[in-house]
Each structure stands twice: as structure tokens, then as C-alpha cells.
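Asker: Chain order of the listed sequences is G and S.
Here the first sequence is numbered in my numbering, starting from 1 and rising by one per residue.
Here the second sequence is numbered in my numbering, starting from 336 and rising by one per residue.
No wet-lab data here; the hints were simulated from the structure.
There's no promise every hint is true.
[Said to hold, decoys possible] No more than 20 Å apart at the CA atoms, straight line, and that leaves these computed lysine to aspartate or glutamate pairs for EDC-like: (1) 561/S - 517/S; (2) 268/G - 611/S; (3) 268/G - 566/S; (4) 6/G - 160/G; (5) 216/G - 566/S; (6) 426/S - 251/G; (7) 426/S - 346/S; (8) 561/S - 613/S; (9) 426/S - 51/G; (10) 560/S - 497/S; (11) 172/G - 9/G; (12) 80/G - 346/S; (13) 375/S - 356/S; (14) 131/G - 51/G; (15) 64/G - 346/S; (16) 70/G - 241/G; (17) 361/S - 566/S; (18) 449/S - 566/S; (19) 371/S - 76/G; (20) 277/G - 296/G; (21) 277/G - 611/S; (22) 62/G - 318/G; (23) 449/S - 475/S; (24) 250/G - 406/S; (25) 64/G - 51/G; (26) 561/S - 538/S; (27) 427/S - 249/G; (28) 70/G - 604/S; (29) 70/G - 606/S; (30) 371/S - 356/S; (31) 448/S - 429/S; (32) 183/G - 156/G; (33) 404/S - 538/S; (34) 250/G - 475/S; (35) 70/G - 349/S; (36) 70/G - 346/S; (37) 277/G - 476/S; (38) 250/G - 356/S; (39) 177/G - 190/G; (40) 216/G - 613/S.
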Amino acid sequence: MNYSIKKSDLPAFMQSLAKKSEVWVPSEGSSGATLFAPLGDSGLYLAGRTDFSPKFLFRPPKEKMFVFRKNGSSYEIHHKFDPTKRVVFGIRPCDTHALHVLDELFIRYYGDDQFYTKRRRNTVLIALQCKEACENGFCTSMGTSKPIDHDILFTERGSDFFVTAASEKGKKLLNRKFFKPVKDAAPTAEIGCKKQLETKSLGPNLYANFNHAIWKQEGERCLSCTSCTQVCPTCYCYYTDDGFVFGSDKDSERYRFIDSCQLQRFTKVAGGHVFRKSRGARLRQFVLHKLHYYQDQHGLQLCVGCGRCITACPAKIDITKIANEIQREALGGKK
Amino acid sequence: MTKFVTPEMPEIAEIIDITVERPDTKTFTVRYLDPKLQKKFSFMPGKFMMVSVFGHGEIPISITSSPYKTETIRFTVVNVGNVTNAMHNLKKGELIGLRGPFGNGFPMQRFRKKNIVFVTGGCGLAPLRSAIYAVQAKRDEFGQVLVLFGCKTPQQLLFREDLDNWGRGGFSVLLTIDNPDETWRGSAGPVTAMISKTDMPLENTAVLLCGPPNMIKFSIIELRKKGFKAEQIFASLERMMQCGVGYCSHCNAGDKYTCIHGPVFSASELDRLPLEED
Numbered sequence: 001m002n003y004s005i006k007k008s009d010l011p012a013f014m015q016s017l018a019k020k021s022e023v024w025v026p027s028e029g030s031s032g033a034t035l036f037a038p039l040g041d042s043g044l045y046l047a048g049r050t051d052f053s054p055k056f057l058f059r060p061p062k063e064k065m066f067v068f069r070k071n072g073s074s075y076e077i078h079h080k081f082d083p084t085k086r087v088v089f090g091i092r093p094c095d096t097h098a099l100h101v102l103d104e105l106f107i108r109y110y111g112d113d114q115f116y117t118k119r120r121r122n123t124v125l126i127a128l129q130c131k132e133a134c135e136n137g138f139c140t141s142m143g144t145s146k147p148i149d150h151d152i153l154f155t156e157r158g159s160d161f162f163v164t165a166a167s168e169k170g171k172k173l174l175n176r177k178f179f180k181p182v183k184d185a186a187p188t189a190e191i192g193c194k195k196q197l198e199t200k201s202l203g204p205n206l207y208a209n210f211n212h213a214i215w216k217q218e219g220e221r222c223l224s225c226t227s228c229t230q231v232c233p234t235c236y237c238y239y240t241d242d243g244f245v246f247g248s249d250k251d252s253e254r255y256r257f258i259d260s261c262q263l264q265r266f267t268k269v270a271g272g273h274v275f276r277k278s279r280g281a282r283l284r285q286f287v288l289h290k291l292h293y294y295q296d297q298h299g300l301q302l303c304v305g306c307g308r309c310i311t312a313c314p315a316k317i318d319i320t321k322i323a324n325e326i327q328r329e330a331l332g333g334k335k
Numbered sequence: 336m337t338k339f340v341t342p343e344m345p346e347i348a349e350i351i352d353i354t355v356e357r358p359d360t361k362t363f364t365v366r367y368l369d370p371k372l373q374k375k376f377s378f379m380p381g382k383f384m385m386v387s388v389f390g391h392g393e394i395p396i397s398i399t400s401s402p403y404k405t406e407t408i409r410f411t412v413v414n415v416g417n418v419t420n421a422m423h424n425l426k427k428g429e430l431i432g433l434r435g436p437f438g439n440g441f442p443m444q445r446f447r448k449k450n451i452v453f454v455t456g457g458c459g460l461a462p463l464r465s466a467i468y469a470v471q472a473k474r475d476e477f478g479q480v481l482v483l484f485g486c487k488t489p490q491q492l493l494f495r496e497d498l499d500n501w502g503r504g505g506f507s508v509l510l511t512i513d514n515p516d517e518t519w520r521g522s523a524g525p526v527t528a529m530i531s532k533t534d535m536p537l538e539n540t541a542v543l544l545c546g547p548p549n550m551i552k553f554s555i556i557e558l559r560k561k562g563f564k565a566e567q568i569f570a571s572l573e574r575m576m577q578c579g580v581g582y583c584s585h586c587n588a589g590d591k592y593t594c595i596h597g598p599v600f601s602a603s604e605l606d607r608l609p610l611e612e613d
């Protein structure tokens, strides 16, 4: 069963959701960048994908994991995570794919990472289909232009949204007050990304060109600013940091921070040895992790083609340009 | 309340003994507070654990004790960073956190009936010691055993008592010092040079390596020159790690995760992996 909701009913629908759970919506942030924010905090932004992905709702940039409290002859370990029920409205197809690939690692690979899993299970995803290609996006190449693992899908058409429930959890939210059943065929959304990435034997070809001159060449322009890894919807690397609870010399806490492979310290071991000293080597790590290593290990492409890293890069380094150049040489006339 | 189980959660263990190996190195003998966990504990030599020093951090440390003596767990720790420094300040009876053991370890079952050559530099002997103990415990199941151990100075030699025991137990223990002083009467020069000088059985032999990146790189070159095949050589790599379970991605070496696929790789795997990525 499909439904429709009038655009004018959207605010009231979201308000009704907000009575039972936190509602996060794409918003115009105070800094000028667009990102997901609690409903009502700032203006709704539905024109395209947000500058920052909703990844932080599942893997916050900083989170307290444990408090180790000294208790007689042992430690009590308290874990900290926020199990609030949430609805994320307006998540774009590329970002639903980003969660899909992270689920593979944090839920299915080594048993549940509870911090991630609990947040995922407590969140309803209302996806919003893109109408047109976004700046620098190449989701059509990566096969991520249609949403996955979402609970409800909204597709904009004139004065209303065409709505499809994709899960039982989603169906329950489609209040008849706002949603009318429709028999119309689902609107087709064909978006034409200007950027393309040749994905044929992509990972193996890139890895075979580990010593290609382009890494050094592009790496020399890189500023190690970590913008790419901050905006990326799938960059999940983290480091942990322990410290004492303020006012105690016994109780301590462990925080987890999202890290960036673009920093020298990322591979620095005790004693000072750094395994990826040059910016070119670190840029190559980013690109190969996105386009080869993860696929090799988990069978899914870590890059979802959102193009955010290209938009955010102050040096205009473009993952598709690097990959396509290597692909052109590797595939040669065989394409 | 059901127990909160997540791969990042440490279990509590008590330090029951501390041995000073050299001024910057101590061996900690620890035991889980929960006897059930200690009873369940088993590991393959070459595996490592994530050790928490509360208030200071969590670091990967290889297990240095025998896989046949699992009523306690031993870690040999050089004081080189913030967490190891804090660990060195801990006393008998204090508590640490443990996760693991993680990694693949050395494929010991494949070494049965073989000659074994151990090549190591500095504190690289700590993880190999566990494998040497394993061979020592089942001495009859192995052929000739050589231990090549190099250090920068005589003062940096580790586990002298073990070295003596292994020598008396029929292992050829060969020590070399990079920068010998007047007290040293043995071999001088890097352990990699010792490889080329030493007679080793080539057939039916496995070589186990652990040490700094350059020692591993040049040892493999020397061993190959002698005629060893890549698949006979196994090396344990060191990398920055934050999780041990493939979550944090600090330990990528080429397309492999040192924590999941390693830390032990055969030289044929290492042919395809960059030891240094510059």
C-alpha cells in the first residue's frame, strides 16, 4: 500500500512524531553548513543532501563509552549510551547505504557493537528520494541512488509526497490523519549524476596501482585538514582516550573520538614510528579503504558516492578523478 | 539486568607479580578476577591482548607466557609511551583491564615435526617467547631449534634465564649486539647479518620473526638469499591499534588488518603488503 501526504501537512506530521520520539531533520546549521538537527532547532533544509551526513547520530564525533568506578577490590564498569527513540526524517539514499555498510561491520562482523547497534535499533529512518543530482555526487555509479534499509520512503511530486512504507515499524507511523492511501504508480526518479566512476574491477585495479605517481602528485596538494573524513558518511575510524573523572584519583572514564587517517598520528606507534608519513600515502589509504579494502573484507563498497569529500576539499582533490585516471590506464581499450 | 556485552568492554584482572627485566622493561603476571574467565582462557602464541591501565588508556600487548600455562597471563612491557609508563607505576595487587586475546597468532600446528628458527630483535623476543615455550614444552615434536636474538647493547638483552635454559635444553641460542661495549665477548653486528653467517637447515624448516620494521624487512631479504621460500617465513607486525576487532582501522597494512588477519603474516603475504607505506 502506498500513500500520499500534502506538503502543507508535513510540519504537523513531524510535530506528531516529536511527541513520542526525538525527530532529527536536515537543517540549515548556524555555521552556514547544512546538517541534521532536532526538529524546530533551525530551518528545514530539503533542497538536497546535507553538507554533513547523519553518521554522527550513530557514531558521535565524541562519546563517553565507559566509566570505571573503583569499588572495593574491583572496578564497576558503567557503560554510557543514549537509547532515546529517534526518527530521522529526510535521510538521502546515499546515507541509508552508508548505514547499511556500517551495519555490516558494527552489527554483523564481530558481534554487536552495542553503542552503535542500540542507536540503530532505536531509530526509524524516513528516507527522502533525490530528484536531481547533487554537486559532485556519483551515487548512480555506486548503485546507491535508491534507498536501502529505510522504514518509510518519501518521494516529492508537486504539491505532495508519494509515500511508501518499507517496514512494519515505518507503517505504524503513517497516521491516517495525514496519509491517504493512493493507487498511483510509484514515481520514477532517475537522477543523472554529472560525475561518474568506472567501477569495473575498481578495487583490484587501484590496489595494483599502489605505487602509481598520482598518489604522490595529489598528496602533495593535500593539506591533511581531515575535511574529507569528517563529512564522509562512512568514515568510522576512531581512537579512545582515558582520563580520570574530575575530582577523583580512582574513577576514570573512556571516551571514543572519530579519528582521521589523514593525520600522521593515525599510524604512530609507541616509540614514535609512523607507518604513513607522507600525505600521498594517507590519501591513498583513504581512497583504497573506501574503494577496495572494505569491499575485500566485508563484500560491500564503503564509498556511497555522495561526493561530500570532493565538495569539502579545500585543495579540490577528487576521489573520482584519481580512480578514473587509474581505471583508464588499467582498463585501457578493454572497457 | 542482563550483562552488557560489547567487544569494547574490558574485564578486570589483578597484577599478581612484577619482574623487572631491565631498567625500562617489566614483566607483569596477571590473573582475571573472575576465575571462570581465567579457566576459559587459552591462546595461540603470537596473539595479543588489549590492556587497559585505568585512567591512562588501552594498548595492544602480546602475550609472552606459555600457551600451556594459562592459570596466569604474562605481558612484557617496555616503558615507551604514556600508557606503558603508567603501567610501570602499577604495583602488585593493582588492577588492569583485559580484552582478547586477539589476532591469528603463529600457526603452531603447521610447525610440528619441523626445524624452527626464531629471529628477533630487542623486545620482539617477548611475543616470540610464547612460541619458544610452546616448542620447548613439546620438544620431541620438533627438529633442530635455533634462536637468533639481537640487541643494541648488552644491557638490553631480555630473559637471560630463559636464554640459558633454552641453550641447556638443546636449542642453539645465538646472541648478537649491534654496539658492543668492553663487557661483551660474543658476536657483534645486527641480527640480520647473523642470519647470513649461521648454518641453518633449509628443508622442512619454519622461520618465525618479530622485531622492528627494518629488522623484519632485511631479515626476510637475508633468509630468501639463503634459500628459504617465502611460505616458510612468518613475521609478526607492530601497528597502532585502538580496538583489536577490526573496528578502528588504525592497523591497516595494505589491504589487511593487523588485528584480524595478523599480526602474523607469512612472507608470501608480506610480499603483497607494504611494510612501510611511503
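Asker: If a hint holds in the structure, say so; if it doesn't, say that too.
Answerer: Each hint, compared with the structure:
{"no.": "1", "hint": "561/S - 517/S", "result": "violated (32 Å)"}
{"no.": "2", "hint": "268/G - 611/S", "result": "holds (12 Å)"}
{"no.": "3", "hint": "268/G - 566/S", "result": "violated (29 Å)"}
{"no.": "4", "hint": "6/G - 160/G", "result": "holds (4 Å)"}
{"no.": "5", "hint": "216/G - 566/S", "result": "violated (32 Å)"}
{"no.": "6", "hint": "426/S - 251/G", "result": "holds (17 Å)"}
{"no.": "7", "hint": "426/S - 346/S", "result": "holds (19 Å)"}
{"no.": "8", "hint": "561/S - 613/S", "result": "violated (28 Å)"}
{"no.": "9", "hint": "426/S - 51/G", "result": "violated (50 Å)"}
{"no.": "10", "hint": "560/S - 497/S", "result": "violated (30 Å)"}
{"no.": "11", "hint": "172/G - 9/G", "result": "holds (18 Å)"}
{"no.": "12", "hint": "80/G - 346/S", "result": "holds (17 Å)"}
{"no.": "13", "hint": "375/S - 356/S", "result": "violated (29 Å)"}
{"no.": "14", "hint": "131/G - 51/G", "result": "holds (17 Å)"}
{"no.": "15", "hint": "64/G - 346/S", "result": "holds (18 Å)"}
{"no.": "16", "hint": "70/G - 241/G", "result": "holds (18 Å)"}
{"no.": "17", "hint": "361/S - 566/S", "result": "violated (34 Å)"}
{"no.": "18", "hint": "449/S - 566/S", "result": "holds (14 Å)"}
{"no.": "19", "hint": "371/S - 76/G", "result": "holds (18 Å)"}
{"no.": "20", "hint": "277/G - 296/G", "result": "violated (25 Å)"}
{"no.": "21", "hint": "277/G - 611/S", "result": "holds (9 Å)"}
{"no.": "22", "hint": "62/G - 318/G", "result": "violated (28 Å)"}
{"no.": "23", "hint": "449/S - 475/S", "result": "holds (11 Å)"}
{"no.": "24", "hint": "250/G - 406/S", "result": "violated (28 Å)"}
{"no.": "25", "hint": "64/G - 51/G", "result": "violated (25 Å)"}
{"no.": "26", "hint": "561/S - 538/S", "result": "holds (11 Å)"}
{"no.": "27", "hint": "427/S - 249/G", "result": "holds (18 Å)"}
{"no.": "28", "hint": "70/G - 604/S", "result": "violated (45 Å)"}
{"no.": "29", "hint": "70/G - 606/S", "result": "violated (48 Å)"}
{"no.": "30", "hint": "371/S - 356/S", "result": "violated (30 Å)"}
{"no.": "31", "hint": "448/S - 429/S", "result": "violated (42 Å)"}
{"no.": "32", "hint": "183/G - 156/G", "result": "holds (16 Å)"}
{"no.": "33", "hint": "404/S - 538/S", "result": "violated (31 Å)"}
{"no.": "34", "hint": "250/G - 475/S", "result": "violated (50 Å)"}
{"no.": "35", "hint": "70/G - 349/S", "result": "holds (13 Å)"}
{"no.": "36", "hint": "70/G - 346/S", "result": "holds (14 Å)"}
{"no.": "37", "hint": "277/G - 476/S", "result": "violated (44 Å)"}
{"no.": "38", "hint": "250/G - 356/S", "result": "violated (28 Å)"}
{"no.": "39", "hint": "177/G - 190/G", "result": "violated (31 Å)"}
{"no.": "40", "hint": "216/G - 613/S", "result": "holds (9 Å)"}
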